[in-house]
Amino acid sequence: GAEAVGAVGSAELSDAAWASAFASDLDEASLYAEAESRDAAWWAALLRESVLHTPCAAVLGVPSAALAQRIHDEDEERTQKQAASLGEATLSKLAETLDAAIEYNEREIPEEMLTALPVPSLSAVRSVPMLTVRGGGSAAQLYAASKSGDGVAADEQHAVLALLKTSATASEDGASQFWTEWSHIHSNFVTFACAFSTTRLESQLRLYLPLLFELLFKLPCTLDDGRVLGKDDFVAELQDDSVSYSAGLGVFGEIPQMASASIQVEADGGRGLGVALKWMRRALFLTEITPEFVKMGATRLASEIPASIRDGMTIVRAVCAELDLDQTRSNAVAANPMRQQPFLQQLLEKLETPAGAKQVVHDLCRLRSELAQPGIMQLFFAGNVLMLSQPFEQLVAAFTPPELCVQVDEGAAAAAGAFAAATEPSVAAADAGERAVAAPARGVVTSSILSGRTSRAAVVSLSAIESTFVQVSAPGIGPYHDDAAALLVAIEYLTALEGDFWVKLRGPGLTYSYGLVNLAEAERIRMVLFKCADAIGCFKAAKQILVEYASGEAEIDEVDLEGAKSSLAYSIIETTASKTDAATKAFAGGCEGKQADYDRWLLGQIGEVTASDTRHAMCTYLLALFDPAANAAVACPPAKAAAIGAFLVESGLETATVAEDQLCAVFGGSDAAMSLQPVKGVSKQLPGAFAAQFKCGCAKCSSGSAKLI
Numbered sequence: 001g002a003e004a005v006g007a008v009g010s011a012e013l014s015d016a017a018w019a020s021a022f023a024s025d026l027d028e029a030s031l032y033a034e035a036e037s038r039d040a041a042w043w044a045a046l047l048r049e050s051v052l053h054t055p056c057a058a059v060l061g062v063p064s065a066a067l068a069q070r071i072h073d074e075d076e077e078r079t080q081k082q083a084a085s086l087g088e089a090t091l092s093k094l095a096e097t098l099d100a101a102i103e104y105n106e107r108e109i110p111e112e113m114l115t116a117l118p119v120p121s122l123s124a125v126r127s128v129p130m131l132t133v134r135g136g137g138s139a140a141q142l143y144a145a146s147k148s149g150d151g152v153a154a155d156e157q158h159a160v161l162a163l164l165k166t167s168a169t170a171s172e173d174g175a176s177q178f179w180t181e182w183s184h185i186h187s188n189f190v191t192f193a194c195a196f197s198t199t200r201l202e203s204q205l206r207l208y209l210p211l212l213f214e215l216l217f218k219l220p221c222t223l224d225d226g227r228v229l230g231k232d233d234f235v236a237e238l239q240d241d242s243v244s245y246s247a248g249l250g251v252f253g254e255i256p257q258m259a260s261a262s263i264q265v266e267a268d269g270g271r272g273l274g275v276a277l278k279w280m281r282r283a284l285f286l287t288e289i290t291p292e293f294v295k296m297g298a299t300r301l302a303s304e305i306p307a308s309i310r311d312g313m314t315i316v317r318a319v320c321a322e323l324d325l326d327q328t329r330s331n332a333v334a335a336n337p338m339r340q341q342p343f344l345q346q347l348l349e350k351l352e353t354p355a356g357a358k359q360v361v362h363d364l365c366r367l368r369s370e371l372a373q374p375g376i377m378q379l380f381f382a383g384n385v386l387m388l389s390q391p392f393e394q395l396v397a398a399f400t401p402p403e404l405c406v407q408v409d410e411g412a413a414a415a416a417g418a419f420a421a422a423t424e425p426s427v428a429a430a431d432a433g434e435r436a437v438a439a440p441a442r443g444v445v446t447s448s449i450l451s452g453r454t455s456r457a458a459v460v461s462l463s464a465i466e467s468t469f470v471q472v473s474a475p476g477i478g479p480y481h482d483d484a485a486a487l488l489v490a491i492e493y494l495t496a497l498e499g500d501f502w503v504k505l506r507g508p509g510l511t512y513s514y515g516l517v518n519l520a521e522a523e524r525i526r527m528v529l530f531k532c533a534d535a536i537g538c539f540k541a542a543k544q545i546l547v548e549y550a551s552g553e554a555e556i557d558e559v560d561l562e563g564a565k566s567s568l569a570y571s572i573i574e575t576t577a578s579k580t581d582a583a584t585k586a587f588a589g590g591c592e593g594k595q596a597d598y599d600r601w602l603l604g605q606i607g608e609v610t611a612s613d614t615r616h617a618m619c620t621y622l623l624a625l626f627d628p629a630a631n632a633a634v635a636c637p638p639a640k641a642a643a644i645g646a647f648l649v650e651s652g653l654e655t656a657t658v659a660e661d662q663l664c665a666v667f668g669g670s671d672a673a674m675s676l677q678p679v680k681g682v683s684k685q686l687p688g689a690f691a692a693q694f695k696c697g698c699a700k701c702s703s704g705s706a707k708l709i
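Take the sequence shown: its position 88, counting from 1, is numbered 88 in UniProt numbering, and each next residue is one higher.
Treat the hints with care, as some may be off.
Calculated pairs, DSS-like style, for lysine-lysine (alpha carbon to alpha carbon, straight line, at most 25 Å) [stated by the list, open to error]:
id, residue 1, residue 2
1, Lys-543, Lys-531
2, Lys-540, Lys-695
3, Lys-231, Lys-147
Keep in mind the hints are simulated off the structure, nothing from the lab. Since the model is a prediction, treat every value here as computed from it, not as a measurement.
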């Protein structure tokens, strides 16, 4: 696969660079053999010599708002002194030199150079050969997904469908309760995943999600035959049997309103599915959730939070989620560090008392039980289906809970039975055969971002950062919207290497990096400005770029447009570089309501995008990022908070500031929640007024033909 090619390529490049003098270091196989030959005493001696008895120094850094202000003031003073020492004449001469260098660097590249290489047709791109069979577990409900099977021979497709239907028929009673998706690919590996809908979870249980997934594959286990695996043995055997495994929010990196657990193993002639199912059953039904291991997991999660709260990008993402999303139903809100810190602190305090520990374990067991209901689970397999023997029988056996599926360390069978009764699911399962699609994450986008009302902005001052981080959210569009391809092309056109954002934002040093993305699942557009030296100047410059295109002052260059389309097409194709990547992406896409051939359809749409379509997308969607209808979150050094807050108020946003030591109190869901400090000032804009100034005048705008599918 691609990983093997990359590994070999890296070794060959290293050997070419450092030659035979470092041959022994590059021979990784012999290093592994030598490490395997060492006994425990040798490793213990090495640790004593290299770690325990080696002198070390520890530096403890404590964030200080006063120190941050002093550094800012000293830097301002230094800059003024330097300017005074150079003098006006020298400064003018240096400015001329810099302007000349910028002008030379930004000179036009000859068109014949840019068009020298032919661009292949996007319609000629071949997809990974794959057949997707999905549906409720009964034979009658299984079907080949529409427009899947490209590259798979017709007789092979019939054989795959026949095998699955035969197996489903043989286990009709048990299989009918599951929604399954089988991606048939020729691979030496098997990937199995369970996707869980979290839509109807109670808000308090939702807070437990990060902790549950932290523990899922790290608990002691009592097997069906009565054999007990300790936590360390569980982890060791799982690592021996698997290539990789994971559990957490999202489905293969997408759809945060769902959660999932996955495992990849070797195919082993068709036996891989059984191995994967064995471990999934153990994690979901046979492990013991005990106060001891809950405390270990909660302590580890809590230890990571201080660093997260000092990270500017983490904070703006979390604050923007608070502003955009329903605070009681959003996984992204529940999992953010400002909510998790007070929650974990209270949880660790509860664990110190028997009654509190009992309640915490009860809540975790109940959450796991609710997630593991057949009606809100989607089961996914990727591998060679034709190598499998009785796949549905194996699946039903693995996901049929034992008589007591949730075991709790209470010390008495009666107490355990009481816990089992208490873990009865509190949410109703979906109807048999229905897919528990959580794709409309837009269902938790309940703020003014989709209502047209004045939105909100929050400016958070962080003493541990030296630059500013910004995230802005505005209404976006779904995956099959008429303008979906045009919007993606417009974003790529603006953000490409040597594109407008690169030249006019990064080039002058206004920001280190930037990003634009349309989150089709939630119908949100997000702009990120990363490590801004001048956040206000950067925001104004980005706004001016869009204004120039919307007003017609700037024209979309056809050569650059074709380059953007090619670059965008490559980024889409790259996400399915391997067979497993293609299968997992198709599964996640299915959860969002996308058809199996979505990438091929999108590539075809991208190929048809014109300069007029691109300008229409800029006017209709991207300008809204600079309108008071958008939400904004900013993390900046304390000395810059007042100026940025005043700028946002002047721009029309209802803006508040949050002190660093008040983050958890404001956004942590406590009684003091949302006790923001409003920034005083007078808005000069009304919601929607800015974006409404610009109309591209295209046929779509005139007819209002763009619609959501």
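Hint check:
1. Lys-543 / Lys-531: holds (18 Å)
2. Lys-540 / Lys-695: Cα-Cα ~20 Å, so holds.
3. Lys-231 / Lys-147: Distance of about 45 Å is beyond 25 Å: violated.
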